[in-house]
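Undergrad: Sequence:
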Amino acid sequence: LMPCWWNLLTWDMSRLPTNILVDVDEIGVELVWGNRDVWSGGVAVDSVSALPKNASLAPALTSITPATNAVGRYQKYEIEIGLDNVQGLNPYDPHMVDLNATFTSPSGRAWKVNGFYMEGEGDGPGAGRWKLRFAPDTVGSWTYRVQAGNAFGAVTSAVQNFTCVASDRHGWIRVSDNNSNYFECAD
82 LMPCWWNLLT WDMSRLPTNI LVDVDEIGVE LVWGNRDVWS GGVAVDSVSA
132 LPKNASLAPA LTSITPATNA VGRYQKYEIE IGLDNVQGLN PYDPHMVDLN
182 ATFTSPSGRA WKVNGFYMEG EGDGPGAGRW KLRFAPDTVG SWTYRVQAGN
232 AFGAVTSAVQ NFTCVASDRH GWIRVSDNNS NYFECAD
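Going by our numbering, the first residue of the sequence shown is number 82, and it counts up by one from there.
One thing to keep in mind: the hints can contain errors.
Here are the simulated lysine-lysine pairs, DSS-like style, with alpha carbons at most 25 Å apart [stated by the list, open to error]:
| hint | residue 1 | residue 2 |
| --- | --- | --- |
| 1 | Lys-212 | Lys-157 |
| 2 | Lys-193 | Lys-157 |
| 3 | Lys-193 | Lys-212 |
I should point out that these hints are in silico values taken from the structure, not numbers from a laboratory.
My request is simple: use the sequences and hints to build the entire structure.
TA: What follows is the structure, given as structure tokens:
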């Protein structure tokens with residue numbers, strides 16, 4: 082467990098008699114983790130979900146649709162991801178649905194990027210889309226794999242690719258190498 086972080090706790094309550102669970106207002110929990118004292122403070126429970134034990138509930142990738150196959154250096158490369166087996170889950174909780182991709186540059190450097198769920202203007206609840214966005218910093222041929230997972234399992238796509246071409250965009254903002262009181266572009 083990580084103090085001051087959201088932690089996913091699961092426990093099997095299937096052996097408890099149903100008459101106990103019907104009238105439950107609060108659940109007392111004692112948390113213990115290595116190299117720490119017994120936790121004596123409060124525990125905030127964000128949500129409680131009753132999920133059946135079923136490995137077929139792991140997310141499934143149904144589509145990977147990039148906006149383009151070529152993108153300018155430091156420009157947005159966007160991918161829309163189709164997912165199944167995520168209906169009814171909290172799309173903003175990575176314990177429920179975790180979407181990411183690992184992008185590999187022409188030199189072999191790997192970048193892990195988290196995906197996100199986005200509901201656009203006019204979309205009804207649950208009618209949003211899963212997306213990944215990345216801005217390559219090196220001209221050449223890039224590859225990536227998309228991964229989606231939850232407590233029931235994970236799935237990884239086949240290798241995908243796109244091309245990064247030269248552009249007039251400047252690099253990411255960072256603290257200046259010459260004077261830490263200023264910012265500069267990475268290029």
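Undergrad: Take the hints in turn and mark each one as holding or not.
TA: To see whether the hints hold, each was checked on the structure:
| no. | hint | result |
| --- | --- | --- |
| 1 | Lys-212 <-> Lys-157 | holds, 12 Å |
| 2 | Lys-193 <-> Lys-157 | holds, 15 Å |
| 3 | Lys-193 <-> Lys-212 | holds, 14 Å |
Violated hints for the displayed structure: none, as all numbered hints are satisfied.
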